[in-house]
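Chemist: Residues per chain, in single letters:
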Amino acid sequence: MERLQKGEVHPRIIQALLDQDSGITVDDALDNEMILNMGPQHPATHGVLRVLLRLDGETVVASVPDLGYLHRGYEKMAENMSYYEYIPHTDRLDYISPPANNTAYCLAVEKLLGIEAPKRAQYIRMIFCELSRIASHMIAIGALGMDVGALTVFMWCIREREKILNIYDLVCGARFTTSYTRIGGVSVDINDVAKAKIAEFIDQFLGQLEEIEKLINTNRIFLERLDGIGVISKEEAISLGITGPTLRGSGVEHDIRTASPYLCYNEVDFKVAVQTEGDSLARYFVRADEVRESAKIIRQCLERMPSGDTMLNSPKKVLPRKTEVYTKMEELIHDFMIMNFGVKPPVGEIYSAVENPKGELGFYIVSRGEGHPWKMKIKSPSFTNLQSLGPLVAGHMVSDVVAIIGSIDPVMGEADK
Amino acid sequence: MTDFMNGYPMLYYLFLAIFPLLFVIPFALMAVYAERKVSAYMQNRIGPNRTGPLGLLQTTADILKLLQKEDMRPGHSDRFLTSASPIVVFLGSYLIYAALPFNSILTGATLDLGLLFLLSVSGIVVIGILVAGWSSDNKYSLLGALRSAAQIISYEIPSVMVVMILFVITQSLSLTEISEKQTANIFNWYILGGPDLTWKKFIFIPIMIISAVILFISTLAEVNRTPFDLPEAESELVAGFHTEFSGIKFALFFLAEYANMFAVSALIATVFFGGYQSPFGYLGDALNLSWLVPAEQFFWFTIKALGLVFVQMWLRWTLPRLRIDQLMSLCWKYLIPIALFLFVLVTFITMI
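Just so you know, the protein sequences line up as chains A and B, in that order. Quick note: the first sequence uses the working numbering, first residue 1, plus one each step. Quick note: the second sequence uses the working numbering, first residue 1, plus one each step.
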């Protein structure tokens, strides 16, 4: 078998691999070690993540994640379209949990405009955020199981996610890319049938979750595959800017839902799931606890949801209702203006962040008073969490690399933007 | 059958040589289908149900598709070795069938060292896998092949030790002889202490159960099934040693895997679960139909082996995969010491 020549790989990536301190001294590092290219086409890298591994036998000496294979220029695209037009694009960021992204974006724009959605819309958004959290964590847990070889867990988790997608379908007509929220509210109200469906789902979900946990939590192979693998300390996690379940797995009790409540999270009662070990197993436990809390939040939301409008009545900033557009002159003019020139927020810049399933999803919008952002920066949790991959995998084995990637749970649509 | 073909010994041997192939290919077709159905029902799916009645022809269609495929080979791979490796792997698993006693008359080779023969020819698979991984010029394949070699060689030790325990108890290494000893009823099976009704039988029962579990685990590792499917670890090494194979070569690897599954299950069934013996008497004996007995024996043999094949599938869709160091520590820290201890214990008990 021919060895990989140095010229065949991008020299900067090779240099990055060689620069890392491995604690092993050899004359020519590539003589005794092997460079393994994992991805971008690899079943365990959750999309198009490419990781270059420097291997000594099966042990990973150093690694360099190579991102950008799914770069679609969403930050730049935002500068060329109105605030409304951008909503469908947020679906494609973290494509595992579209409603949460929609909510994050709309909250940022609402903050910029200085408006707030009606109470009922906020509760609906919360329900959808938490449903998407359950859906996303189900994928995370299932994919983690699949990465370590337990294929059945994945299908059981997908079954639960499927039910959530059916609820999306029932409410807003789309299963996957929902584009459900609008600036100033949500596109359609939740009816009683949908409410009953959600309640029914939550009632049976905890039982199903227990069944899934019974399959893997009592399995010694599963526990030993993850226990003590990819440990990241509290300080390291904070300094790397990690957020979400990965951060809470390291013992940092930080959750934007409680740290700086948005929507109505201060009105519902829930706990922030924290584990202190900081290994892959802890991250899995955090996710499993979080879906329980999400179920709790949804139940409370269904009980406390007030009646009323789901769209704000603020003609210059929020699209008027279609029935009014067709019957009233004033609304038609507003509709025309917003459709053609966009909502015109005041000059300024804001940063708004929410707790997405993967971590802190933030939108930094700079406005010059035009119908589109002058600049938009997306702070995506997957991207920052992937920073930790290098230190996490060093010293572990090839099999652990997939387990660690699975436990960080990156979504490349979000990391590459 | 022996009487029938008495005048034609060559024909008889030809039949014995071809019979396992006639058995293995339909078995593999059905086993792949069964595996997909078993996994489907475990995972709340339906599984194949379009091709033929209940999807029964799905695997046949898959095989036909594989046969039609272009025979591709990676650019830098070794032409001779890539072509030879699937054949070597299949040879390794097919040779096992030479010594398997399907019933009292249908045994390819009635070897006195049948058990040792089985264990040694199953080692040929390692060569095939190593060659397949190395010759396909792919790092993932190479890693898979090396894992496989380390795994199969390590796990041969506990299985040989279990065979030694059996040898001490049965005083025989011939599979036919071991099967014959477990005749009459279920209590004569070696899993329940063997046919000798003394106080030793009751001490042997727990020992034999542990030995059977050790043999099952180590044969599971030898045929690369979950939780020991590291050589082909789908989520790590994509497909391991057979990543670069397609068409008929891939089909041969697949066939070899399922042939191997049945072979090792049959081995365990033979040495612990009475081989081709019925758990109770034979219908043929009761009705005085002597030709019915071999047919019944064949039925029992297949049923027992298929039961163990089902356990293998069941485990595959339930358990995660071990890591290479855990795999080695399981073998060297648990299986080998336990097997060694049992061997010493059994030796002392039989000496008394």
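In case anyone wonders, no lab produced these hints; they're calculated from the structure. Any given hint could be a false lead.
Using 20 Å as the maximum straight-line C-alpha spacing, the simulated SDA-like pairs for lysine to any residue come out as follows [said to hold, decoys possible]:
hint : chain 1 : residue 1 : chain 2 : residue 2
1    : B       : Lys201    : B       : Gln171
2    : B       : Lys139    : A       : Lys214
3    : A       : Lys214    : B       : Asn44
4    : B       : Lys139    : A       : Asn37
5    : A       : Lys163    : B       : Leu14
6    : A       : Lys296    : A       : Asp335
7    : B       : Lys139    : A       : Pro40
8    : A       : Lys163    : B       : Arg45
9    : B       : Lys139    : A       : His254
10   : A       : Lys296    : A       : Lys322
11   : A       : Lys214    : B       : Trp317
12   : B       : Lys139    : A       : Glu85
13   : B       : Lys139    : A       : Met34
14   : A       : Lys163    : B       : Lys333
15   : B       : Lys139    : A       : Arg220
16   : B       : Lys333    : A       : Met34
17   : A       : Lys214    : B       : Ile191
18   : A       : Lys316    : A       : Lys296
19   : A       : Lys76     : A       : Val366
20   : A       : Lys296    : A       : Glu224
21   : A       : Lys296    : A       : Val366
22   : B       : Lys333    : A       : Glu224
23   : B       : Lys139    : A       : Met397
24   : A       : Lys316    : A       : Ile115
25   : B       : Lys201    : B       : Ile191
26   : B       : Lys139    : A       : Arg159
27   : A       : Lys214    : A       : Ile256
28   : B       : Lys139    : A       : Asp56
29   : A       : Lys214    : B       : Ser39
30   : A       : Lys195    : A       : Pro261
31   : A       : Lys316    : A       : Glu85
32   : A       : Lys197    : A       : Lys214
33   : B       : Lys37     : A       : Phe154
34   : A       : Lys271    : A       : Pro261
Chemist: Between B:Lys201 and B:Ile191, is the straight-line Cα distance small enough, at 20 Å or below?
Modeler: holds, 10 Å
Chemist: Is the Cα-Cα distance between A:Lys316 and A:Ile115 20 Å or less?
Modeler: holds, 11 Å
Chemist: Take the C-alpha atoms of A:Lys316 and A:Lys296, compute the straight-line distance between them, and say whether it is at most 20 Å.
Modeler: violated, 37 Å
Chemist: Is B:Lys333 close enough to A:Glu224, meaning Cα to Cα at most 20 Å?
Modeler: Answer holds: B:Lys333 to A:Glu224 is near 16 Å, not above 20 Å.
Chemist: Run the distance test for B:Lys333 versus A:Met34: straight-line Cα separation, threshold 20 Å.
Modeler: Violated, at roughly 30 Å.
Chemist: Regarding the pair B:Lys139 and A:Arg159, is the alpha-carbon distance no greater than 20 Å?
Modeler: violated, 35 Å
Chemist: For the pair we were handed, A:Lys296 and A:Glu224, check the Cα-Cα distance against 20 Å.
Modeler: violated, 30 Å
Chemist: Run the distance test for A:Lys76 versus A:Val366: straight-line Cα separation, threshold 20 Å.
Modeler: Holds: A:Lys76 and A:Val366 sit about 13 Å apart, inside 20 Å.
Chemist: Just to be careful, I want the Cα atoms of A:Lys214 and B:Ser39 compared with a cutoff of 20 Å; is the pair within it?
Modeler: holds, 18 Å
Chemist: Is it true that the CA of B:Lys139 sits at most 20 Å from the CA of A:Met397?
Modeler: Answer holds: B:Lys139 to A:Met397 is near 15 Å, not above 20 Å.
Chemist: Is the straight-line distance between the alpha-carbon of B:Lys139 and that of A:Pro40 20 Å or less?
Modeler: holds, 15 Å
Chemist: Given the hint that B:Lys139 pairs with A:Asp56, does the C-alpha gap stay at or below 20 Å?
Modeler: Distance ~13 Å between B:Lys139 and A:Asp56 Cα, so the pair holds.
Checked against the numbered hints above, the structure violates hints 2, 5, 6, 9, 10, 12, 14, 15, 16, 17, 18, 20, 21, 26, 27, 30 and 32; every other hint is satisfied.
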